[in-house]
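Q: Chains W and L are the protein sequences, given in the same order.
Take 9 as the starting number for the first sequence in this note's numbering and just add one per residue.
Take 16 as the starting number for the second sequence in this note's numbering and just add one per residue.
It should be emphasised that the hints constitute simulated quantities derived from the structure, not laboratory data.
Please note: incorrect hints may appear among the correct ones.
What the hints assert, rightly or not - Below 30 Å or equal to it, Euclidean Cα-Cα: the simulated DSS-like pairs (lysine-lysine) are:
(1) L:K61 x L:K295
(2) W:K240 x L:K295
(3) L:K61 x L:K87
(4) W:K424 x L:K295
(5) L:K240 x W:K424
(6) L:K294 x W:K170
(7) W:K357 x L:K295
(8) L:K294 x W:K240
(9) W:K20 x L:K76
Here is how the chains run, residue by residue.
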Amino acid sequence: MSFPWANEYTPKVPLMKWIDERLPLPRLVYNAVGAGYPVPRNLNYFWNFGVLSGLALMIQIVTGIIMAMHYGANDLVAFGTVEHVMRDVNAGWLMRYAHANGASFFFIVVYLHIFRGLYFGSYKAPREMVWLLGLVIFLLMMATAFMGYVLPWGQMSYWGAKVITGLFGAIPIVGEPIQTWLLGGFAPGNASLNRFFSLHYLLPFVIAGVIILHIWALHIPGSTNPTGVEVKGPQDTVPFHPYYTAKDGFGAGIFFILFALAVYFAPNMMGHPDNYIEANPLSTPAHIVPEWYFWPFYAILRAFTFDFFFIPAKLLGVLAMFASILLLFFLPWLDTSPVRSGNYRPMFKKFFWILVIDVLILGYCGGAPAEEPYVMISQVASAYYFAHFLIILPLVAAFERPDPLPGSITEAVLGKDYDGAETAAVAAE
Amino acid sequence: MVRIGAFLVGLFFSGWLLVSFIMGAVAYVSEPPAPTAEHEFHEHPKHVSYSFDGPLGHYDKQQLQRGFQVFKEVCSACHSLKFVAFRDLEALGYSEAEVKAIAKSWAIKTPDVDPKTGEMSTRDPAPADKFPKPFANNVAAAAANNNAIPPDLSLMTKARHNGTAYVYSLLTGYQGQPAELLEKFPDSKTPAGLHYNPYFANLNLAMAPPLTADGQVTYDEGQPKPTVDQMSKDVAAFLAWTAEPKMEIRKQSGVAVIFFLLIATALAYMSYRNIWADKKH
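Isolated chain W (complex conformation):
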């Protein structure tokens, strides 16, 4: 698609030739995820997480569609139908535990995918559009996961829905009407449950659509790589298939082992016990917390405890929480360093690892009760989060002296005096 030396699709069977002439779908697949897509030869295991994210989405869609056949989106029966799935539906317990843990694993691999992008500068030109579309997928995932968590209609479903839609209530003047409009009432109820179910079924397919755009945009410049040096010739790349399909197969195996350990041996580890209590509008849980993958953002939301003159603290928290994600859309223009990979950026590298620890601390505080010392810790950690992206990265880009880059990908792999024989062999293919 992108490099002149990419293998060209040549149908071997007459039937495929016949199809290809009328609908070049086999050609499209071949060029997208087959031998027709040349990929840098030096990708490390962190480049597995894109494929694993797609795999996680497929798991969610399959298990979700099966569960939707047995679920009743009505506030009177929803909780009971989930228990029906767990007790009476053949392998229903497997479908539900796979779906609930699948959501967590989806976020685990996507977070690793995002941090891979942050470290190796995958958001930089000419791949800005890949990054932006990835963020759109991330936002859609968050919306889908939030609405999915409401469907079992447990205590955390109900009160989570109330708190999260309540965020919109913090907006001055129009906030409360918006909240009522989102919920279809003044509090979460049957109308909310129905629309959340409808949208929870819709959004995964929207995500699948944006993933196609994400991959399309990626294939224009091609994948980046751990050196951040662009591909210079055929010796720098290998065909996606069989080289990376084989590597992704191994990665998928590791993913499935960890996933199976959670589903079969600790299926409720990442859930909250309160969600096994049926929703009760009259009884508020002691600590309302969202699912773990929202904890860093929840910590930022709760870090604002003082009004800023006429802006109430709650509104500040809501603005900051949305800003913490939206600022990532500006990242390609905030980090102006021409060097992509963190491997060659000594200052950037240090701040990157501080950010990783910072986000983990935010996650821990977001899951903890809104008490001291967690609030004070979240305040310092949130302050670093904003400073990192909005202040530190632009300054680092301006003042840092990057380490020398290798001349090419192949040079990085084989050393400066690599044998030209391999290059010649690749060129001859």
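Given the coordinates of chain W, assemble chain L onto it according to the supplied hints.
A: What follows is chain L alone, placed relative to chain W:
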């Protein structure tokens, strides 16, 4: 332009967070939050081990039957078990005929409609019925229990942290209020009608101690002595089963799945190394 705007936004958020941190820290030091009785006297569940712990664990059917007996003779007077059907008891080792007899002789009857007159009536539960609820509705449940509604027990061990140990600890945890607590928090005396229990989140529980004397339930010959501790342990095991009736098949299939995946992943790794053998990377 983008970077100037970002700098200002970053300065605002980070600056105000640090100001909030300083104000909060000053308030925390000058006026530390008052300790609460719940915070200081609440205890985590006791450690208790079961045959179904661990990745290869399985239920002890004898224990589940004993636990069911405790539920039937003690708990079921107030607590419902609405997601469990009588027929499910076959998993405890009861035969079809025994389940039929248990359902038929159940003290609480299943609400129904008289097939001839259409009037509300009750009938003996059948094996396919869920356990009938002891109270007609929440109002009746609250009225009979000092305004506290006894929760449904089907999912109780999954609805609390470390639920099985929690149920066991709660049942064996009733005690007099420690003198130390009353000394430190004179306002925290257990109100009349409630019962002090350090394993309950707010320390005072509406449920009166349900298991008070050894031998309250008579176990069959050859079973352990029905001490309060043993009965509590058994009924907690029974509730672990009601919450997670598919646990055994889950863990068994898990072992097979992991075994399969280890082999598949090893093969995938070998094919990966094989394909890349000629490429340095």
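Q: Decide, hint by hint, whether the structure agrees.
A: Status of each hint after checking the structure:
At most 30 Å may separate the alpha-carbon atoms for a hinted pair to count; K61 (chain L) and K295 (chain L) exceed this at roughly 56 Å. Proximity of K240 (chain W) to K295 (chain L) is assessed by CA-CA distance (about 17 Å); at most 30 Å being required, the pair is judged to hold. Of the supplied pair hints, the one linking K61 (chain L) and K87 (chain L) holds, its CA atoms being roughly 25 Å apart against a limit of 30 Å. At roughly 14 Å between alpha-carbon atoms, K424 (chain W) and K295 (chain L) fall within 30 Å of each other, so this suggested pair holds.
As the CA atoms of K240 (chain L) and K424 (chain W) are separated by approximately 79 Å, the hinted pair breaks the 30 Å bound. Among the hinted pairs, K294 (chain L) with K170 (chain W) is inconsistent with the structure: their alpha-carbon atoms are about 55 Å apart, more than 30 Å. With a C-alpha separation of about 27 Å, the suggested pair K357 (chain W) and K295 (chain L) falls inside the 30 Å cut-off, and the hint holds. Among the hinted pairs, K294 (chain L) with K240 (chain W) is consistent with the structure: their alpha-carbon atoms are about 17 Å apart, no more than 30 Å.
Straight-line distance between C-alpha atoms of K20 (chain W) and K76 (chain L) comes to about 61 Å, which puts the hinted pair past the 30 Å bound.
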